[in-house]
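Listed below, chain by chain, are the residues.
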Amino acid sequence: MIPASFDYRRAASADEAIALLTENGDDAKLLAGGHSLLPLMKLRLARPSVLIDISRLADLSYIRADGDQIAIGALTRHHDVEVSELLAREVPLLPAAAGQVGDPQIRHRGTIGGSLAHGDPASDLPAVVLALGGSMVVRGPGGERSIPATEFFAGFMETALAADEVLTEIRVPRLEGAGWSFQKFNRRAHDWAIVGVAAVRRGAGSGANGGGAGVALVNMASTPVRATAVEEALAGGASATEAAAHAADGLDPPSDINATPEFRRHLAQVLVRRALEEAGA
Amino acid sequence: MKVAMTINGTSQQHEIEPRVLLVQFIREVAGLTGTNVGCDTTSCGTCTVLLDGESVKSCTILAVQADGAQITTIEGLAEPGTLHPMQEAFRENHALQCGFCTPGMVLAAVSLLQENAHPSEQEVRSALEGNLCRCTGYHNIVKAILAAADAAEVPA
Amino acid sequence: MTAVVGTRMLRKEDPELLTGEARYVDDLVIPGALHLAIVRSTYAHATIKSVDVSAALAQPGVVAAFSGADLRPEWAGPMPCAWPVTEDMLNPEHFPIAVHTACYVGDAVAVVVAETDVAARDAAELVEVDFDVLPAVVDLEDALSDRVLVHEALGTNRSYTWELIPDADAVEEAFANASHTVVERYVQQRLIPSAMETRGVVAVPAVYGGEITLYTSTQIPHILRVLAALTVGVSESKLRVVAPSVGGGFGSKLDVYAEELLCLALARRLRRPVRWSEDRMENTQATIQGRGMIQHMELAADADGRVTAVRARLLADMGAYLQLVTPGIPLLGAFLYGGVYDIPAYSFVCTGVFTTKTPTDAYRGAGRPEATYALERAMDALARQVGVDPAEIRRRNFIHPDQFPYSSSGGLIFDSGNYEPALARAMEMAGYDQVRSDQAARRSAGATKHLGIGLSSYVEMCGLAPSRVLSALRYVAGGWESSTVRFLPTGKVQVVTGTTPHGQGHETSWSMIVADQLGVSPDDVEVLHSDTSIAPHGMDTYGSRSLSVGGTALWLATEKVIDKAKLIAAHQLEVAAEDLDYAGGTFTVKGSPDRTMAIGAVAFEAFTAHNLPDGLEPNLEASSHWDPPNFTFPFGTHICVVEVDEETGKVDVLKYVAVDDCGTQINPLIIEGQVHGGIVQGAAQALFEEAIYDEDGNLVTSSLADYLVPSAADFPSMQTDTTVTPSPTNPMGVKGVGEAGTIAAAPAVMNAIIDALSPFGITDIDMPATPQRIWTAIKQSTDASGASGASGAGASGASGANGASGAGANGGPR
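Protein chains in written order, with our numbering: chain A, 887 to 1167; chain B, 504 to 659; chain C, 32 to 845.
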């Protein structure tokens, strides 16, 4: 299998990538790790006429502390997130989830920014960033802006990124000792989650990053989605079990060969409960 | 466009279409057919090679993306006529039957031990999640990798 | 020299496979080869109104493009089916490329030939096919109703009905007098064989005309040569078929495929080499699939649970056409619905049905896993009825060791067996009693993760033979195998075998047999195979036949070589042949241990021919063609321990134990490898794999992302052991082991899952036992019984939910 023909442009900087996007319009696609895009192109389900390769922008690959947040360059590979000592210390949920993306070979190439910009509701990392209350730094012709994760995932495989914008950085708050859990349910180890749950439980009102719980779901809607009913129930003093009963409230999960919507709702409840229990009070 | 990379220590510089995949560059342009292709969906790991020392699936990388990289394929893992300790461990433990998945499996295993010199059985199994084999039931592959890890010198 | 047979000798095949030097079809460098791309039907059933290849032809690099009608004159006959199981079997005409009607998604409808693979694939997208869509028929029982006809001209979807009912009255009587009756319905889902190497073909016409060479990823170069010659209309003597390194087959490369015939015909027509590489999606759609049956299984038993009769009725999914041995696959299991048990009355009926899906054919075990599954599931159902442990119900029914050779009510003669020791050993290795007590402890503690333990005792029939029995079954070919053994002047040995290894290690095992027989080092034995010009006689590799048939042919050829060598040695030592002893490659004069001659030295004398007995031909070479007197009957018991999460329906295999008996062992290392791989393939049917079609006949699982071949992370390491009960069918006492694991594993895993779920009253789950299906079954069970959680209450096993689970689980995830 080989992709249909395309023009290949290699960007030397984020600004050049933005210029190339502006120049080529909707037919252009950014290529980072390529592990979301190339499989679609090989099957000819995606046929961009121009591919803008940003994978060599080394200045977009980093993990560093920035005040009470951790900043991660969009081109940081899953593997680098997985083994980051800084993240293991400050936001251990993220490396735990990154270590479950795909398989080792995929993690050696795939990037956190590519995964988030793809906006796939079955991906693990969007839910993680949602649960953490993170944000995306994006750059376009008009400069830089920050989009909260809660506003980033706009529709099925759609994000708030404009056609001429590049995702450059992901920012997540330090967990500061808060409990966390990542639950991924699938049939084979390396498959996409049938349902996944990322959960963070902070002591009420404590710490610079605020209190309360963040719970988000994988593959439970047309976008990565927060389980707001669960978060509200917890805020209202509900137990893990009580809160978890609301895991699928208001959601219309997909149906596929692995699970009916009804089964997904059930799994969400079970996995949210387990996540909340693991994350602790 | 012109692409240059080093495969098994040999410089390979060729004019290619941008859509050529790394695995096609390796097999068809460089003529190294030890790297096999088993699927279209980045699922099977048969095409695994080392890119700058790390395991990658060469069916899901454009050759242009590997421009300037150091690639190791199964042919370059050991000197001709010899076996790398991982290849030796596979042979000693009957970790292959038809052999089609073997090059990718061996290279995935080499990459694993570089990152985790003494993995547990469960860590080995998890690390192989992206490499499918239809013959061995994985039993002897796991055994071989654990044996190779045991045989390697424990760093002081 | 010490014996090598029975040792764990490392494989001779491995170095070239480990270093990438091995050449699979796609690795062959063929100068000037054109590339074939195939346009396939995207509809399960459609009339082909027109095919327009003009846009494809206009593309750069494109050499030719054809429709099925264009190529119709290339075929001397339709695609072959070598197993017309009944006289009145219906077999639709089937050409390598559809002419009027496409009958499954993936059916070839046009071809493009170009200078490069990329050019061919790009141009194939431009071929315009005007289809008139016809209704699909996907479900087997629906197909049987003839509501939609797959082949209008046949007037029915029923291909054949085949019966094995030696004594109908005895069966009726047994059921009439039974204290216990088990009535079960099992679904054998379709499986995609998924060899890691997809298929590949290159047809190379000789420069000066004449011979054409077909390199192909096949298990059957010999059978293919005959049938391809007949179909394409070339002289068999002008066709050479070579299988280079082959990356697994599992039955899926045991066929005569459209692409092989297309490459031959196009190479002939275009006078250039033509090659084709299958991609994985094509592999899921255009390579045969396995299983695909609905089994109605009934047992009659007395009050103690001794089975008195078995009655099996099958519907078997042929798919859209009959491939090489499609209709015969259920027959390979037809004799084994009584398995390892002493059952006096027997009835088997199978109806083959056409559907608008990829054709089915041989897949690892071929008929025997299906039979074993139905029987072993039913035996557990009987144990539940009688109220005894599954191990006990098996012990009560085993054929006793002193009954061998055993004449089964299904009409076979089991050559040898001793079933109870394998069961006992497996139970010991599994810690059976401990697991049972752990299971009880969890149940009484109200745990939501349930332990289950599953047994599977099996017998298989390997080495399909003798040929006259195959004739009685209306199989068109024989069951013999051929081998030639020749000493080279330097004392090295060349072996030619008609078997076609594709991962089984024949070069190693055959060398070991020769080494012991001829007293040479295994390294000095060269095994030649898989090329019809080098090994002209052969019946190839399938059905665990290679060792028991091909290995025996080899052994017999070495005996002939020794016999001839003895005449030469006697002549040289100036004694009578009767006065020589032979052992380990050396002839010794009886009573004079210092007067010896090594067989290698004899070989040199035979080569120079300076001093041979009068009338004896030069050289030391012999051939043997062995047609065994019977099948061989390997057996064993496997035990699986699972944990089922009641909340998610997820199954984790905690332990898997296998005790197999394949008779005399040539190389235990290779035997273990075969067992390991077979187990995971069989367990994958129980847990992961299913070719899922939607109601329009589209294959939903058309990649390895959707068709769940398990990885190393999805199954644990196994514990294996063996017993050894030599076969009296052949001189080495060997039986066969290639399919044992696959036959035993699926019922062991499913019985464990059902056992784990017994507190819910669940008695059936369809394969694969997905989380969705298990959760649905539990939910229906608890909804029906009104219990909020059945796990704690042993008594809830008696709830009335039996039977409800199967139907609901069927409907779930589609």
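By construction, these hints were calculated from the structure, which means they are not laboratory data. A hint or two may mislead.
When the alpha-carbon atoms are kept at most 20 Å apart in a straight line, the in silico EDC-like pairs for lysine to aspartate or glutamate are as follows [said to hold, decoys possible]:
| id | chain 1 | residue 1 | chain 2 | residue 2 |
| --- | --- | --- | --- | --- |
| 1 | C | Lys621 | C | Asp610 |
| 2 | C | Lys43 | B | Glu578 |
| 3 | C | Lys681 | A | Glu1148 |
| 4 | C | Lys686 | B | Glu578 |
| 5 | C | Lys480 | C | Asp610 |
Here is how each hint holds up against the structure:
1. Lys621/C <-> Asp610/C: This hinted pair holds, its Cα atoms lying about 6 Å apart.
2. Lys43/C <-> Glu578/B: Holds, at about 19 Å.
3. Lys681/C <-> Glu1148/A: OK: Lys681/C and Glu1148/A at ~16 Å, within 20 Å.
4. Lys686/C <-> Glu578/B: violated (37 Å)
5. Lys480/C <-> Asp610/C: Outside the cut-off at roughly 72 Å; violated.
Consistency note: the structure conflicts with the earlier hints numbered 4 and 5.
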